[in-house]
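Q: So the sequence lines, in the order shown, correspond to chains Z and G.
According to our numbering, the residues represented by the first sequence are 6 to 172, in order.
According to our numbering, the residues represented by the second sequence are 4 to 764, in order.
Calculated directly from the structure, the hints in this document are not laboratory data.
Careful, some of the hints might be misleading.
As the list claims (entries may be wrong) - Here chain Z is said to cover these stretches of chain G; the calculated rule only asks that three of the stretch's residues, wherever they fall, bring their Cβ under 8 Å from a Cβ of chain Z:
#, stretch
1, 17-31
2, 168-179
3, 686-695
As the list claims (entries may be wrong) - Simulated restraints on C-beta separations:
#, chain 1, residue 1, chain 2, residue 2, range
4, Z, Ala134, G, Val693, 23 to 31 Å
5, G, Ala421, Z, Asp131, 15 to 23 Å
6, G, Pro217, Z, Asp72, 51 to 59 Å
7, Z, Asp130, G, Asp402, 41 to 49 Å
8, Z, Asp141, G, Pro217, 57 to 65 Å
Every residue, glycine too, gets a C-beta built ideally from N, C-alpha and C.
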Amino acid sequence: MNITLRVNGESHDLDLDPRVSLLDALRHHLHLTGTKKGCDHGQCGACTVLLNGRRINACLTLACMHDGDDITTIEGIGADGLTPLQQAFIEHDGFQCGYCTPGQICSAVGMAEELRQGWPSHVTDDLTADPELTRDEIAERMSGNLCRCSCYPGIVNAIRQSLGEQA
Amino acid sequence: MTVAKPLPHDAALLHVTGQARYVDDIPAPVGTLHLAFGLSAVAHGRITGMDLDAVRAAPGVVAVLTAEDLPFANDVSPGAHDEPLLADGTVHYVGQPIFLVVAETHLAARKAARLGRITYEELPALLTIDQALAADSRFESGPRIWSRGDAAAAIAIAPRMIEGTMEIGGQEHFYLEGQAAFALPQENGDVVVQSSTQHPTEIQHKVAEALGLPMSGVRVEVRRMGGGFGGKESQGNALAVACAVAARATGRPCKMRYDRDDDMVITGKRHDFRISYRVGYDDQGRVQGIEFLHLVRCGWAMDLSLPVADRAMLHADNAYFLPHVRIESHRLRTNTQSATAFRGFGGPQGIVAVERVMDHIAHTLNRDPLEVRQANFYAPDGSQSTPYGMRVTDSIIGDLAARLAETSDYHARRRAVAEWNATNPVLKKGIALTPVKFGISFTLSHLNQAGALVHVYQDGSIHLNHGGTEMGQGLFQKVAQVAAAGFGVDISRVRISATDTGKVPNTSATAASSGSDLNGMAVKAAVDTIRQRLAEMLAQEHQCAPADVHFADDRVTVGGADYTFEEVIHRAYTQRISLSATGFYKTPDLSWDRIKGQGRPFFYFAYGAAVSEVVLDTLTGESRILRTDILHDVGASLNPALDIGQVEGGFVQGAGWLTTEELVWDDKGRLRTHAPSTYKIPACGDRPRVFNVALWDGPNRADTIYKSKAVGEPPFMHGISVLMALSDAVAACGPDYPALDGPATAERLLRAVRRQVGHEL
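Isolated chain G (complex conformation):
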């Protein structure tokens, strides 16, 4: 079978030879025009004047569009209709698109965009969580509050109580391929769009609205993205719509690609949070009652902030049973970029807070934090349920963490770290083991559906299409493996084709780690349909049951007969049997009430744990990851090579979020970290010196595609082990709990060390 094999990425050969095409690499037809936005220079203000004469007069400019020039909907939001493509009188953040320049070249468009003279009547700008809270500037009428039991009472009677607050920074996606789109006008006003997007159907929807077309008049194609990480779930809408509108206005093909700085200034990032906690616990560190307050900085438009903030609440427990719990979440509207989806979708922020709580409890008890974590893990017997009332029936976290502690030699290394710290005054080490339990499914239940289209041609070659998009995660290869396994043929027979709204309609975003789960099942359904037709044909000829027809090793056997796959396909064709089928899948057993915070929002949970050991220079605040061991649960892996890549990459990206990746806005609301010169993502030298990644060897208990589990987001949370290890190292410098915020930059670490030794910086 082709599933479970560690095959390389489907486009491996194209990648290493530079032949893999991204949107900006597709040869553009002669006459293609290039687009750039003119951007707001203030964080909040009414536009009082717009002098675009110099823009129009600039060399190479063909057209300049403002909100008034748009023929139909001026909206690129994913749902709330609060995000105009071009500002309509008021600007809400520094970097908001105000006008659109259409020019002969990319450079001409960008140069001209700088020539706009916009005057504003500046309005008070809300930039921070505190400002937004004070002004009651929020999405939804008030906070969402979910609770179970009586947290306040449980805390009051618990033997011990602590409280604290943690700042959790946002994160720039820094997909290496920036946002890009290309629109090609068709006859009858229709349009074909190439987009670097995780959500082709939404691009189709927004383009159709903007052009006054039915969705059937718009076709969107996505072969691949140069990284997405959630940043291309909704943030590509503006470019695609701009291209479509400009193509309609000029009758020429239009392409738009954000320059890196523009990309970072215009598009949304991970939500930053401030989370406060109050927890009552016993002498073993077992939580009796806990309260969380989530303050979420959402930026100027709603975008996906509600489900992101919901998912943070849904992961406030991580892998721990919280008997009495109350979670209050405020979704605050600020005059900054509209924060958006980013790998984990709020889950990491919810999880890092409860990990801080475990670490803090352990410090007060002078216990190994792993013991406290283990004392609170969900039981494996399915007797406990989450704060939102979903029974945890698949918990393997206890066994998994125990095995990792053993294979990583955690206890001996913890002793060695203590010994090192006792004798080394300058370089301090720290070690931490953190778990993850991550809920798999879109929390908006109807999104958990997928479609596929499979053709088998007369020569036995197979054309595969489904609604998922490829952003490097290896989805296309995994799904192709499912198709090859279904037909019992070699993977080379399966041709993977670009995601296309004309082939598979009404798709959900490739997000929520759900790509393989949903599209793998849909493809399997399509393959099963065709295979059943072939089996019935042969069964009739051989007077046996269809189940007696076997597909394996590129051959089909029935009774004593043995055919090549090509022979069977040719026979089916001449017998006028359809060799094309669609497949459809919807995730079963989901029900969720997000207002009450009750139900079963997830099909299952994915688990894992990581141990990181770090060393911290207490004189400079610099740190290094010495070693990381990860044990991660992907069920029965569809492709162990691709899964390990996801685990390694997720960890490094998560560690970057919590260490070096710092976003800084000034008091005017300008993002000062708008290029890789000022925003530091992990480089090759930042990976752990020793890095051991292994996959847990149990199948998914839920009925997923070949019993595999989703892998995109869960490993991101392993980066939390680095923050907790750094906290451990700082704790070795003095008596207090370090209460490290994220990201633990060198400056923050140095300040934390200075606090420990009594010298505030």
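Bound-form chain Z, shown alone:
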């Protein structure tokens, strides 16, 4: 079927089998290989992209469901110079093998927006107050993005630093 995906600000007209996942549409049809396939089951987070600003596992959604949606992949983040978040990932060694990194960064961007909107998490004590930017909050909110090299300390520090800069 014919759909239009708006990816990183650019519109793409695609003729896709309705069963093609958004992840495969990005990787195989648009050749945007920055978004990684880790488990293809929505459990590792390597394929995290932003869908109209919200983070989503691209392997768990069909491309045809997103006709006209705005999708941001890692290729669309920092295209005009590194963002403070990306810079902080480098400074804090937020990766080793790097395979989860695009997903971590997209996820962190989405998470920052959730925080800004005051969404509580599983570890938030007060559901009505704005959540605090603690390590536990960040860790809980980033637990959908696995890193087998276990660079979690660096990832948490990088996110804290970048959010602190924006705050």
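Fit chain G to the supplied structure of chain Z, relying on the hints for placement.
A: Just chain G, lined up with the frame of chain Z:
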């Protein structure tokens, strides 16, 4: 100097922008075909019929290959020739590849692979250690036995004796990038292979055998892996060979990538062990005599099981002097995935058992386990030797553990834990300090060699290549730092290139933590050769000794003259001096007899210690790591940022192995934990709440590259501190020794707590 600087990973900018390419990201030529295996559904059986008509007729299928279609060797084993690419009449585990589908798309290949109709005559399957032992199903003719002194006699006369058994689970690598390979046919039947492998030379070797080519007809390239952890030392062979064979059959480029579930079902994992011990000791907890029995579940093929089981034996002592010792190791063949290399390579299993022994001894004496450990540490004076007769001349474990106990406030926190446990009936805390001493070198001594290739171009830019592979550990950056330091130039001048069997031949796997030690030295040798040529050129011009020519800060000075690096390179070029060199290194002073269990298998030891504090919910079995402090010995660090990353990551992975990562096979031999939905690796929220990692500040006493030490595997063993802390928490629930097995899942912990309070679940 660029060494010792905390520079970020070499591909940092590529990683954060999504530009770093892994095998499946390399743009494939038009016409590339995709591969999938049809897998065995039974654990052991003779194939009586294979109806692949529906597979061949499936949309997009170009070819279907079985064992009979393979032109040359049908073998992807790393040495024993017991691992066919495609089953040749008999299947040995659920998930064994039987046929190969070649199709226009990845999905078409996978769908078609499900359409094969295989009939089997099922044979009895040996799935467990007990079944294999009863059937005497094993590798090697009998157990390996190494001993020193008379352990049985020493135990008999010791004031005290205990015995016990520990089950130690396996571990799925879960490299985030699954196995992948890509083969591009060349003229004259040659082939170029891109592979996600730690061992390009072995891929080259196996592909050459499978195509009937000399190794010179196969070139293998590896830019990076999305994690390896040992799981890409031999387990990538099947994909690369399948691609090469399919490319030969079809004349088209072929790519293969395992889906995650297939990856977990097909490939080998860490060996699970059952270790029994009998130990005699005195009232201070000092070991007088000890016996270990290692039962190792190796799976269906030999793979690397012998050196893995050997390394478990080699680490049965960990950091402790065992005066009379006997270690017996059975390498059992079962109808399960062929267990393979995994960070630590058997060492963690050997070490966790002796840590259990120390913990158990301390419990019987009602002493702080740290005191018992300290009473048994190798002396710093070099007077003691390991069970295999290697003198321990570099032991810093006593000082290191003492410093960690101080910086982590261990003793005060241990008292605080006791006070907490006295007043809190539901949440129990535990704390433990565990050491590690890890032997560095491949135990197959001839593997301890490496090569490098360095070019300096006319413009002063430097092209660097060596035999090691990059899997995230930061090897490429460390080695580039060595090259930059050698030329006295900025790191930006050094271009790191993909590992390539066409540039550096006959390489060993990037394994055994040896990457920087071996390849760093080889690169230094190549750089020294070129630098010496440059120095001799300038020395002749300035009528001085080559040693008076200095390379620093991107400049070269000699006498009163001061040149830019580019000027010197240009001058050398016009004077027709070669600006390219190979480098070679072999680790000195190794000798090892693995049958006798005697010799000097290691160049040196790496040390470290960790303190973990945990809290356990005795009503649910859930636990958390509250705080971990690690002090780790990397000698004089080549790059402290990368080394700390290795230490942190190793610890978390080790803690995962011993807590949440549980592999479950059913009674048909099917792996039921074949996806992250059922197999739990640590997530961000599972890291310690407080996590302090520091590096020991002494240089390596052995003559290694800039006096650094290997770092890949040793920190993995720090995860053992979590298991021992959990044991401490369970011990607070009742009078008995908890005897916790690994992994200490919530279910296991809850059962252990219930046993302590007298309510078996």
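Q: All hints are to be evaluated individually against the structure, with a verdict given for each.
A: Results of checking the hints against the structure:
Residues of the stretch 17-31 of chain G with a Cβ under 8 Å from some Cβ of chain Z number 12, which satisfies the need for three, so the listed coverage holds. Counting residues of the stretch 168-179 of chain G whose beta carbon lies closer than 8 Å to any beta carbon of chain Z gives 4, which reaches the threshold of three, so the coverage claim holds. Here the stretch 686-695 of chain G counts 7 residues with a CB under 8 Å from a CB of chain Z, which clears the bar of 3, and the coverage holds. For Z:Ala134 and G:Val693, the hinted distance range of 23 to 31 Å is satisfied, since their beta carbons lie about 25 Å from each other.
Between G:Ala421 and Z:Asp131, the C-beta spacing of about 33 Å breaks the proposed range 15 to 23 Å. A beta carbon spacing of about 54 Å between G:Pro217 and Z:Asp72 agrees with the range 51 to 59 Å that was offered as a hint. As the Cβ distance of Z:Asp130 to G:Asp402 is approximately 43 Å, the hint placing it in 41 to 49 Å holds. Between Z:Asp141 and G:Pro217 the C-beta distance comes to about 58 Å, which sits within the given range of 57 to 65 Å.
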